[in-house]
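Chemist: Here is how the chains run, residue by residue.
Number of protein chains: 2
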Amino acid sequence: MLQGHQTWVFKAEPVIRSSAAVGGPFESKGALAGDFDILHEDVWLGQDSCEKAEKKMLEQACEKAIDKAGMKKEDVQFFLSGDLMNQIISSSFAARTLGVPYLGLFGACSSSMEGLALAALIVNSKAGENTLAAASSHNVAVEKQFRYPSEYGSQKPPTAQWTVTGAGAALLSLNGEGPRVTSATIGRVIDMGLSDPFNMGTAMAPAAVDTIQAHFRDLKREPNYYDLIATGDLGRIGHKIAGDLLDKHGIKIPPAIFTDCGILIYKEDQPVMAGGSGCGCSATVTYGHFLNRMRKGELKRILIVATGALMSPLSYQQKETIPCIAHAVSIEM
Amino acid sequence: MLQGHQTWVFKAEPVIRSSAAVGGPFESKGALAGDFDILHEDVWLGQDSCEKAEKKMLEQACEKAIDKAGMKKEDVQFFLSGDLMNQIISSSFAARTLGVPYLGLFGACSSSMEGLALAALIVNSKAGENTLAAASSHNVAVEKQFRYPSEYGSQKPPTAQWTVTGAGAALLSLNGEGPRVTSATIGRVIDMGLSDPFNMGTAMAPAAVDTIQAHFRDLKREPNYYDLIATGDLGRIGHKIAGDLLDKHGIKIPPAIFTDCGILIYKEDQPVMAGGSGCGCSATVTYGHFLNRMRKGELKRILIVATGALMSPLSYQQKETIPCIAHAVSIEM
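Just so you know, the protein sequences line up as chains D and Y, in that order.
If you number the first sequence the way the numbering used here does, the last residue is 333 and the count never jumps.
If you number the second sequence the way the numbering used here does, the last residue is 333 and the count never jumps.
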């Protein structure tokens, strides 16, 4: 690999043998409800805490993906997962249930593509066959931890985003049929000095732009190589800013192919401020909606640029700004 | 790779070009003080919070390792790091300073070897050259987050461990001279139903045993292949239990080569209860002490089995037991 490059090219093109998406009640009323494998009417999933509900959802996404591939847990060689909870308990407790060799990740909302990139690296280098990548978030759990318990009913500015209650999983193998993971661009941390936790999209936009630039530079590729380029969860405000910044840097992505998972997931009339967010946003939209469209033949080549805000409530209280990152993964039919 | 195997064999044998260890005042009075590159008399490192002190320490370990390899930040292609803080802020904020493509990890105290394993995979598969793996912990920051602020002076049982204030980093390349990373065994989550956060060593011991068993099974290797087998931070109580469990499973590791980073790092007369712990424990003891011994020719083949307790204060409050994991990495001269 060339010095200075940050993109992995997967020559063996690991196949996404199966994928699954699980969502909550708000997602079941959303624009992409038809692309979820399981939708829950009860945001608690019958559990006695929202954290346990998130874990349950993540387990269901993993089990569904394994089941759809016609496999059993024992067939999965490695499990990579990340989420937003302190000490990523959703992932680690789901890993306990799965009982599969496990690598815990944290890249905030970019964890989805961090996991897919590393899973593809493992399969591509023959370090493992049947590798499962997953990510999740839960609206109530995240609001309680990062902002206020949702029961407080605190108001939010229009720049805020709605954390997706959802989990997504993808099972990768060297052999089989399905969309193929062809490359991954690992992002750098970018911090433009913003510190408002109610305006994550704006903070994350420059990180998305940095990674998209690196992707096209490393691969000597033009945006029109793709049928669709989707940022993870910038929302309406952040996505607009990312588009403007890319334009300034001379990267012209046609508006028709440039979208954002956080904009797509909910309907216009849902009160989600600037759009959806959370690890579960890019995970469910990619592993549900986009892969379904690829399997139907509607999309041939897509680039998912999952963005993450790497702050904690404590770093915010200590007046730190928000370091952001984005990892991009290309998937081709 | 064979189905059911959880061990990666690195045929290209990535070289640890350089490594560095940074410690605090308590470590400077410890048994391995001579193996640290930087020791701080001030546990705050002149920062206004213990979290910022941890970040600073991690940055110093990374910078020192890069410097010792005769490189610059720009020469590092990927940075992998993990720590115990919520949302691994120490790692992510250090990644902001480094400005290198970054993969955030969380495996609690196993993060050190999780990072080394993945860095070796990246270098071995030529997905990157000059890859930096690091991990850190800070006594004051960890006590405040997981138990009580140390200023409270709360008493602890003899099974408790002392979180190491330290950071370690290792720089891997395909070429160069130095100890080589030859294999890595990725652990499964093991939970024997223990829930006492003041007795982590006992909770983690079965995970260490499970990974050690898998390592020898996958590689068809006997313990005497190694000059030294070190668990991460089981401490005196957990290490004894691990030895007994291995014995029961028919794996006889000679006591002379079986040790624990948490036992080695402090002196007998330091009030550390059962021993040291934290990501910084296995990271500093491995990247400082053990690698120094290898470079001096005292050790030829070592196996580091870093253990992690994947709980959070919240999972404990919700009466969950402690899921544990261990990742093992072999290093040979």
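Simulated from the structure, these hints should not be mistaken for lab results.
Worth double-checking, as some hints may not be accurate.
Repeated chains share a single entry, so a pair holds when one copy, or any two copies, can fit it.
[Unchecked claim] With a straight-line Cα cutoff of 30 Å, these simulated DSSO-like cross-link-like pairs (lysine-lysine) come out:
#1 Lys-73 to Lys-248
#2 Lys-73 to Lys-220
#3 Lys-300 to Lys-126
#4 Lys-319 to Lys-73
#5 Lys-144 to Lys-126
Chemist: Each hint: holds or not?
Modeler: Here is how each hint holds up against the structure:
| no. | hint | in the structure |
| --- | --- | --- |
| 1 | Lys-73 to Lys-248 | between (48 Å within a copy, 27 Å between copies) |
| 2 | Lys-73 to Lys-220 | between (39 Å within a copy, 24 Å between copies) |
| 3 | Lys-300 to Lys-126 | both (25 Å within a copy, 28 Å between copies) |
| 4 | Lys-319 to Lys-73 | between (44 Å within a copy, 26 Å between copies) |
| 5 | Lys-144 to Lys-126 | neither (41 Å within a copy, 42 Å between copies) |
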